[in-house]
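**Student:** Given next are the chains, with one letter for each unit.
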Amino acid sequence: MSVVVRRNIPQIIVALIIVLMVIFYFFYIEKPVSDAFGTADKALSDWAIVITAIAAIVGGIDILRYHANQIRKRERRQIIFSSIVIVLEIIMVSLACYALSSGIAITTQPNFQWLYTYLYAPADAAMYSILVFYIASASYRTFRARNPPAILLLIVAIIVMLGNTSLGAMIWEGFLPLRDWIYNVPNTAAFRPITMGIGFGLIILGLRLIIGKETTWMGRRE
Amino acid sequence: MIELIGGWLAAVMIVWIYSFVYKDNVLYRLAEHLFVGTAAGYSIALSLDSLNRTAFGQMVKGVEYWHLIIPILLGLTFFFKYSKKYYWVARYGVGVNVAVGAALALRAAPMANIIKQINAAVLPLWVAGDPLKTFNNWLMILITLGGLTYFIFTFFPKTEGKAGPVRIAYKALVTIGIYGMMVGFGYLFANTIMTRVGFLIGIILQYLQPRFDATLVAMILAIIAIAFAVLKKK
Chain W
1 MSVVVRRNIP QIIVALIIVL MVIFYFFYIE KPVSDAFGTA DKALSDWAIV
51 ITAIAAIVGG IDILRYHANQ IRKRERRQII FSSIVIVLEI IMVSLACYAL
101 SSGIAITTQP NFQWLYTYLY APADAAMYSI LVFYIASASY RTFRARNPPA
151 ILLLIVAIIV MLGNTSLGAM IWEGFLPLRD WIYNVPNTAA FRPITMGIGF
201 GLIILGLRLI IGKETTWMGR RE
Chain P
1001 MIELIGGWLA AVMIVWIYSF VYKDNVLYRL AEHLFVGTAA GYSIALSLDS
1051 LNRTAFGQMV KGVEYWHLII PILLGLTFFF KYSKKYYWVA RYGVGVNVAV
1101 GAALALRAAP MANIIKQINA AVLPLWVAGD PLKTFNNWLM ILITLGGLTY
1151 FIFTFFPKTE GKAGPVRIAY KALVTIGIYG MMVGFGYLFA NTIMTRVGFL
1201 IGIILQYLQP RFDATLVAMI LAIIAIAFAV LKKK
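Taken in sequence, the protein lines are chains W and P.
The opening position of the first sequence corresponds to residue 1 in the numbering used here, with each subsequent residue numbered one higher.
The opening position of the second sequence corresponds to residue 1001 in the numbering used here, with each subsequent residue numbered one higher.
Take these hints with a grain of salt, some might be off.
[Stated by the list, open to error] With a straight-line Cα cutoff of 35 Å, these simulated DSBU-like cross-link-like pairs (lysine-lysine) come out: (1) P:LYS1234 with W:LYS73; (2) P:LYS1133 with P:LYS1116; (3) P:LYS1116 with W:LYS42; (4) W:LYS213 with P:LYS1232; (5) P:LYS1234 with W:LYS213; (6) P:LYS1171 with W:LYS73; (7) W:LYS73 with P:LYS1085; (8) P:LYS1133 with W:LYS73; (9) P:LYS1061 with P:LYS1081; (10) P:LYS1023 with P:LYS1171; (11) W:LYS42 with W:LYS213; (12) W:LYS31 with W:LYS42; (13) W:LYS31 with P:LYS1023; (14) P:LYS1081 with W:LYS42; (15) P:LYS1023 with P:LYS1233; (16) W:LYS73 with P:LYS1084; (17) P:LYS1171 with P:LYS1116; (18) W:LYS73 with P:LYS1232; (19) W:LYS213 with P:LYS1081; (20) P:LYS1061 with W:LYS42; (21) P:LYS1133 with P:LYS1171; (22) P:LYS1023 with P:LYS1162; (23) W:LYS213 with P:LYS1233; (24) P:LYS1061 with W:LYS31; (25) W:LYS73 with P:LYS1081.
[Stated by the list, open to error] A few chain W positions that, by computed beta-carbon distances, are all more than 10 Å from chain P: (26) PRO32; (27) ALA53; (28) ARG72; (29) SER102; (30) ASP124; (31) MET170.
[Said to hold, decoys possible] Rough simulated footprint, nothing fancy, chain P against chain W, three-plus residues with beta-carbon under 8 Å: (32) 38-50; (33) 85-98; (34) 113-123; (35) 126-139; (36) 190-196; (37) 204-217.
Simulated from the structure, these hints should not be mistaken for laboratory data.
Cβ atoms here follow ideal geometry from the backbone N, Cα and C, with glycine treated the same way.
One chain only, chain W, in its complex shape:
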């Protein structure tokens, strides 16, 4: 297939959608046009939700494919683990399909709920909180008073942590108001330029997509 169909048309579609959605949002034309755009805009947002849902399903199938390949390679130690992944994934999806066909919300299906409550939720929480152990070593490196900015970071972090705990209030009652002042004044001001930078970055990304300079979303290069 020609480059036009493979690359140029998708790029033109992207640019067109961005330009139309932005123009109709910022510039008021007239009521019938504005109303028609409102409907089209809502439809496009729904489209994005539907496409994202299918993309997540493709992601799940990717995991399935990966582990099926591992089994096919006959790696002795990995076979059991990959089988566990495949079996559990199929069980969860089957239970969800059964719930949908029964006309009930998937999260209320008893077996699905059991797997979620006793397997997924605790493991997810453990995976998230395991970082606390690595943060301990990260703290050691971050809080080393190497230079004046690092000393400032260390002092602020100690004040905030003491302000967040009842121990801090027991030591000195001023930690809590000091923490609030740090949050409201220097912290807010410090993150303002970062927020503005993110805003400029988003605008530049949009402009790059419109003029076709941003091509990373297209995946592999030709």
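Use these hints to put chain P onto chain W, whose structure you have.
**Tutor:** Then chain P, alone, in the frame of chain W:
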């Protein structure tokens, strides 16, 4: 009975996942794969539910919703990424998603990220009868300007020769910006530590403490698995 098994399973999963902190071992990998399997299944289940509510559930309501067949077809193009010859078809589906996301960001960013921030940064430099407020306002403006100066990557005042007033002002603002951001990062890091530690305490109280027997058994098994891993490496 089913709750008892569930309680044991939850406690065992947590202890085995935490065992990774010391060393990778077979029980950690078992818990990890159990988690990956359920997480992948859960993600697909949620997507099916979303698809059912947003697409299929709407389409049966009437002809005006039949346009939703287009995103379903666009979404199905994602499967072409498995083909070496027709992988480019997936770009049509990805493109629509990227475009809608970028357009929504482009609409919100100028107001929320830039104009509102500038508005909030414009503060009176003198507040009569309130020296603290005046000090706070000066500090906020200087830190904001300092941070913005720090992030200028396109041009810099000349560094050769005698330092002029522009260079001195530039350096002073950059220094204020760095110190201001250090305060911000200190606050952020402290809060991150507090959140994670709070999460850990929550897990102990919710899952491990009520099932102390399961925790103990899982810990003994984890210690054996770690010992095996250590011996195997030797």
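**Student:** Now, for every hint given, state plainly whether the structure supports it.
**Tutor:** Here's how the hints hold up against the structure:
no.: 1; hint: P:LYS1234 with W:LYS73; in the structure: 28 Å, holds
no.: 2; hint: P:LYS1133 with P:LYS1116; in the structure: 21 Å, holds
no.: 3; hint: P:LYS1116 with W:LYS42; in the structure: 26 Å, holds
no.: 4; hint: W:LYS213 with P:LYS1232; in the structure: 52 Å, violated
no.: 5; hint: P:LYS1234 with W:LYS213; in the structure: 53 Å, violated
no.: 6; hint: P:LYS1171 with W:LYS73; in the structure: 60 Å, violated
no.: 7; hint: W:LYS73 with P:LYS1085; in the structure: 25 Å, holds
no.: 8; hint: P:LYS1133 with W:LYS73; in the structure: 69 Å, violated
no.: 9; hint: P:LYS1061 with P:LYS1081; in the structure: 33 Å, holds
no.: 10; hint: P:LYS1023 with P:LYS1171; in the structure: 47 Å, violated
no.: 11; hint: W:LYS42 with W:LYS213; in the structure: 28 Å, holds
no.: 12; hint: W:LYS31 with W:LYS42; in the structure: 16 Å, holds
no.: 13; hint: W:LYS31 with P:LYS1023; in the structure: 65 Å, violated
no.: 14; hint: P:LYS1081 with W:LYS42; in the structure: 28 Å, holds
no.: 15; hint: P:LYS1023 with P:LYS1233; in the structure: 11 Å, holds
no.: 16; hint: W:LYS73 with P:LYS1084; in the structure: 21 Å, holds
no.: 17; hint: P:LYS1171 with P:LYS1116; in the structure: 27 Å, holds
no.: 18; hint: W:LYS73 with P:LYS1232; in the structure: 24 Å, holds
no.: 19; hint: W:LYS213 with P:LYS1081; in the structure: 22 Å, holds
no.: 20; hint: P:LYS1061 with W:LYS42; in the structure: 17 Å, holds
no.: 21; hint: P:LYS1133 with P:LYS1171; in the structure: 26 Å, holds
no.: 22; hint: P:LYS1023 with P:LYS1162; in the structure: 57 Å, violated
no.: 23; hint: W:LYS213 with P:LYS1233; in the structure: 50 Å, violated
no.: 24; hint: P:LYS1061 with W:LYS31; in the structure: 27 Å, holds
no.: 25; hint: W:LYS73 with P:LYS1081; in the structure: 22 Å, holds
no.: 26; hint: PRO32; in the structure: 18 Å, holds
no.: 27; hint: ALA53; in the structure: 4 Å, violated
no.: 28; hint: ARG72; in the structure: 15 Å, holds
no.: 29; hint: SER102; in the structure: 12 Å, holds
no.: 30; hint: ASP124; in the structure: 7 Å, violated
no.: 31; hint: MET170; in the structure: 17 Å, holds
no.: 32; hint: 38-50; in the structure: holds (count 8)
no.: 33; hint: 85-98; in the structure: holds (count 12)
no.: 34; hint: 113-123; in the structure: holds (count 10)
no.: 35; hint: 126-139; in the structure: holds (count 10)
no.: 36; hint: 190-196; in the structure: holds (count 7)
no.: 37; hint: 204-217; in the structure: holds (count 4)
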